[in-house]
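One line per chain: the protein sequences are L and V, in this order.
Everything in the first sequence is counted per my numbering, starting at 1 for the first residue and increasing by one.
Everything in the second sequence is counted per my numbering, starting at 1 for the first residue and increasing by one.
No wet-lab data here; the hints were simulated from the structure.
Possibly wrong hints are sitting among the right ones.
For identical chains, the list gives no copy identity; a pair is met inside one copy or between any two copies.
To be verified - For lysine-lysine, the following DSS-like pairs were computed, each having C-alpha atoms within a straight-line distance of at most 27 Å:
1. LYS644 x LYS659
2. LYS591 x LYS659
3. LYS644 x LYS93
Number of protein chains: 2
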Amino acid sequence: MSLDSSRLAPMANAIRALSMDAVQAANSGHPGMPMGMADVATVLWSKFLKFDASAPDWADRDRFVLSAGHGSMLIYSLLHLSGYAHPTLQEIKDFRQLGSPCAGHPENFLLDGVECTTGPLGQGLAMAVGMAMAERHLNAVFGSDLVDHRTWVIAGDGCLMEGINHEAIGLAGHHQLGHLNVLWDSNAITIDGSTDLSTSEDIPARYRATGWHVVECDGHDFAEIEQALAAARDETSKPSLVVCKTVIGKGAPNKQGTSATHGAPLGEDEIAAARTELGWDHPAFEIPQDVLDDWRSTGEAGKQTHGEWKERLSGHAKADEFQRRMAGDLPDLSSIRSEFAEWLSGDQKVATRKASEMALAVINPVVPETIGGSADLTGSNNTKAGEIGPFTADDYAGRYLYWGIREFGMAAAMNGMALHGGVNPYGGTFLIFSDYCRNAIRLSALQQQRVIYVMTHDSIGLGEDGPTHQPIEQVMSLRLIPNLNVFRPADIIETAECWQLALEDKDTPSVLCLSRQGLPQLRHEGEMLSEKGAYRLKSAEAARKVILIATGSEVHLAINVAKALEEEGVGADVVSMPSMELFEAQDDAYKADLLPDVSPSEVLRVSIEAGATLGWERYTMANGLQIGLDRFGASAPAPDLFEKFGFTVDAIVPQIMNKLND
Amino acid sequence: MSLDSSRLAPMANAIRALSMDAVQAANSGHPGMPMGMADVATVLWSKFLKFDASAPDWADRDRFVLSAGHGSMLIYSLLHLSGYAHPTLQEIKDFRQLGSPCAGHPENFLLDGVECTTGPLGQGLAMAVGMAMAERHLNAVFGSDLVDHRTWVIAGDGCLMEGINHEAIGLAGHHQLGHLNVLWDSNAITIDGSTDLSTSEDIPARYRATGWHVVECDGHDFAEIEQALAAARDETSKPSLVVCKTVIGKGAPNKQGTSATHGAPLGEDEIAAARTELGWDHPAFEIPQDVLDDWRSTGEAGKQTHGEWKERLSGHAKADEFQRRMAGDLPDLSSIRSEFAEWLSGDQKVATRKASEMALAVINPVVPETIGGSADLTGSNNTKAGEIGPFTADDYAGRYLYWGIREFGMAAAMNGMALHGGVNPYGGTFLIFSDYCRNAIRLSALQQQRVIYVMTHDSIGLGEDGPTHQPIEQVMSLRLIPNLNVFRPADIIETAECWQLALEDKDTPSVLCLSRQGLPQLRHEGEMLSEKGAYRLKSAEAARKVILIATGSEVHLAINVAKALEEEGVGADVVSMPSMELFEAQDDAYKADLLPDVSPSEVLRVSIEAGATLGWERYTMANGLQIGLDRFGASAPAPDLFEKFGFTVDAIVPQIMNKLND
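Model the full structure from these sequences, guided by the hints.
In structure tokens, the structure reads:
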């Protein structure tokens, strides 16, 4: 690019002006970071970032991640100035107001050009690692003609203090992600004040120790910034950290360099002083035409590169497959469906984690975009199946990831992979450690990404490892997250169905809660009954007095309870409910057929799930019966625990009979 | 100590034998780590660790934390061999069986000498940081005569890969915790295989970059181990990492050095081979008397030191106060109670986060053992009150902690502080980031520790920051954790009451969910009504047709809804429910008085809470009405959001009237 420094300064000041004015108008927001990083961002966007503002979905664009998402006015300014359709100036004026796509934090579902939702610190960086991994993988599979781009991240002190950054940079260093560049906004200020209050570490040394290339620059010297970014770009065998020494709130003469600029409007007086300081004598929200022209010119090179790329694509042998994958469309799954349908005629007692492995062995060869892995529990999560080889720095074409003991990093990186597109990530850990990556699961849901969590060892059924490893509240607590499918399949058949449902749900992540212990095959007929979330697995023989609603490993227990009740002349339905969310989505008629709206004295509803009971009253009614576990577990073989905690026919039937005779 | 190496080897082999035999008997467990670290642990316990097996609650003992908790047979062996009352040999034989205190992972509530529950990787190390901080604080307050001990940690590759270790070691380095020593079991093996599969970092360099002293040793050379531990002990201005190069499963000739020894029994053949390899020709669970004598002698020095300490204590001016605090007993709180009672006569509209600050300003001067802090949100969480100064490396007597942007590290360290005793920790972050530290909150509950979480910005009421920052499912999901008080107070009065309840509950942690926005004072009479979890705040005037049950910021809305209903001639109670857990603990009569068991056609129950509705059916009954939010929030000023999402009188009253007229 030909822009020289004399033109860069006003371009950066345009970011500063829009940011301070928008925050002031909203009377809410974070001016300090956009003003501090305006110079760095201007160099990045004008001289390095590969983008075409008219085609924000161009597959081979560079990805730009604002990990320090509170500085959202930085990205809104960049998108607007460089000519993206949105945000418009009006939308920037409506920053943080209802309906504006310029939300408090950047949301991928509101604006093109926002590659991911950020704000929860550290996760943007970790998602960027996933994007960079997806890029290298697709590069290996489709070649440099179609895929060869970089991932640029702006991260703050907060991102680098969060634990997840350790996991993320460990992955990036290990996998030698030379196309990943992190620009650290090193302003030495956090909300509480100086970083000296809480940290003393030598961050560059830590990054070097983790396999990173580190360069530094004065974040307000355009020549130094350009030199540093070039050095980062040119180092392709290691990820790069660019230490950008900046002044938070740069340009606000009385407040810059202090935490006062971080998360509050500057105030009218300070804004006026900043205008003087910056030599910016334009009214609020007015960008002079020459500055706007300079900004609009930054996208020209990318437009041309995009044109050349489209030419390469049009003649490419793998064009159709590439476009299918980038669109998130699945290949023909009919062979998978028919294979799963054949399982109905079998009679296999397997743990559902094993059933998941069997399902993956069918899915992975047919769906080349799946990339699987585990947070160091491969043999326990049963995630490696279907002849997929490891993803390594020597072979990015590999489809299996040894994530290491990094649950949160794994989950966030999977979000990044899904957001990048072209791959469908799934990853495993023990269900209890959903706690470790919970906020990343939430971000899968908020960002509407198809990420599949393979969470095994799903109840006290894991046995001897004891209460630290036994999920009690996890299944129900995951159900509380909006836009998340929580599946707890009962046997091999439901497991295969839930895998298929997870795979086919493009905009919703899924958690598969799977047993460690073997479970009998309960179904031998009926295809894809899990699709409705719940279904009648067994109908009452005697007059129906009871409906048993169960999930996962407790469904076969419910069948046995029902048998015992029938022997007492009490008719009992068994409803298997692998997914509350899908059941909720059914129409009233279906729901009423399964769970008729009659009083408990006519038909008693009983839930059986080896976990927290709070929430089950939705289906049992408050005066039904909730069989569950509202305390921590214990260490013992699983059968002893099920006995101790009352998950037996002998313990449950009398409770039901008492309730019926109330 | 006088034990020479020739005696150390059989002592270490006793650990190996007990570990492999117990795992074999249980047919479950992890022999690799205890066998690999047996030599290091033997040197630590025989030559460095300050303990008195006959007085496991001695306040000035060294703390020993097995962060790699899966290697639980190591600590059970150490406790048994060195003469703790438990575990007995029979209890070790019953390893991982129902009722044995030798659970799969070490549990602080099952065995003296187990300082904390470990297993969830990384958290033991982070708890140890908290213990070391508590030690330095009490040393500063009570002097070296009473408090001068070390914290020793054994951590594995997994602990060091988890993100939380980054947060924990950052705190330890920053606070120059020279009395903290971490022995890293560096065996280069994880469950999936070689650590090369997933990591390439230079861990010593990373620790050095974070302010640590690092020494290395061959973990099977007794002289080297002793030298390294001495170097760690002698460096008192920095925490020390001792890199112990070990062979996992050391002693099992065909399996050692491989992940096969990590988490499965060795098998009878390999155990026989190990006996030969180790020259250990004793039957399973038999320890020769001379080896046992050597082990029992390791506690002698500590016993003597303990005696000297008791003498110092008996004449000490601060003895009573020290003992009160170490016992976890509170000082006289009557001045706090009466101050809070006075607030009833006022009429203050404040955010409950502000009310929390006001409560702390009353509590902190009276309760010297509180140590507060925030994960870099001091001004937002309102956690600094009552004239407490910062805890720093220059002044460990300070009672305010700038935790930095380290939610998980903060929570785990608070657990460590509480477990250490003598301090009552509380710490703040935004409620949404309970997701980041969720498993540590769970460990507060499992370990029965009085840790108080000050979680502000508790609903869409935080406004502009948008969906990444707005808790939707967090309040309900925390209620699912056993043994956890979740408080959501409605006004200044309930906030003070909830603070008092949290402080007085010795064995249960609490989460205070507090508003960003101002809330009117709703109560002017009745002391400590929050104690029962829920109470009738307003009684129906007209004939009661509706009971509104609300929490936190929705209670004043419920009051307004009730008024509007009364104007329509519909009598409505308002029940404020600051804690579901405390309400659940009430007797049936109290519950039935508040929520009479009549059909919805007689009295309709309606819950109002700006969060997930699943779970509220317990109190509204399934055919009641649950006013809540089952989707992600949005970015806008809070009043606009309450309007948009239907938390207004105008939106709620018609729903109730429709339901009444059904």
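Hint check:
{"no.": "1", "hint": "LYS644 x LYS659", "result": "within (21 Å within a copy, 43 Å between copies)"}
{"no.": "2", "hint": "LYS591 x LYS659", "result": "both (24 Å within a copy, 20 Å between copies)"}
{"no.": "3", "hint": "LYS644 x LYS93", "result": "between (62 Å within a copy, 21 Å between copies)"}
In summary, the structure agrees with every hint in the numbered list given earlier.
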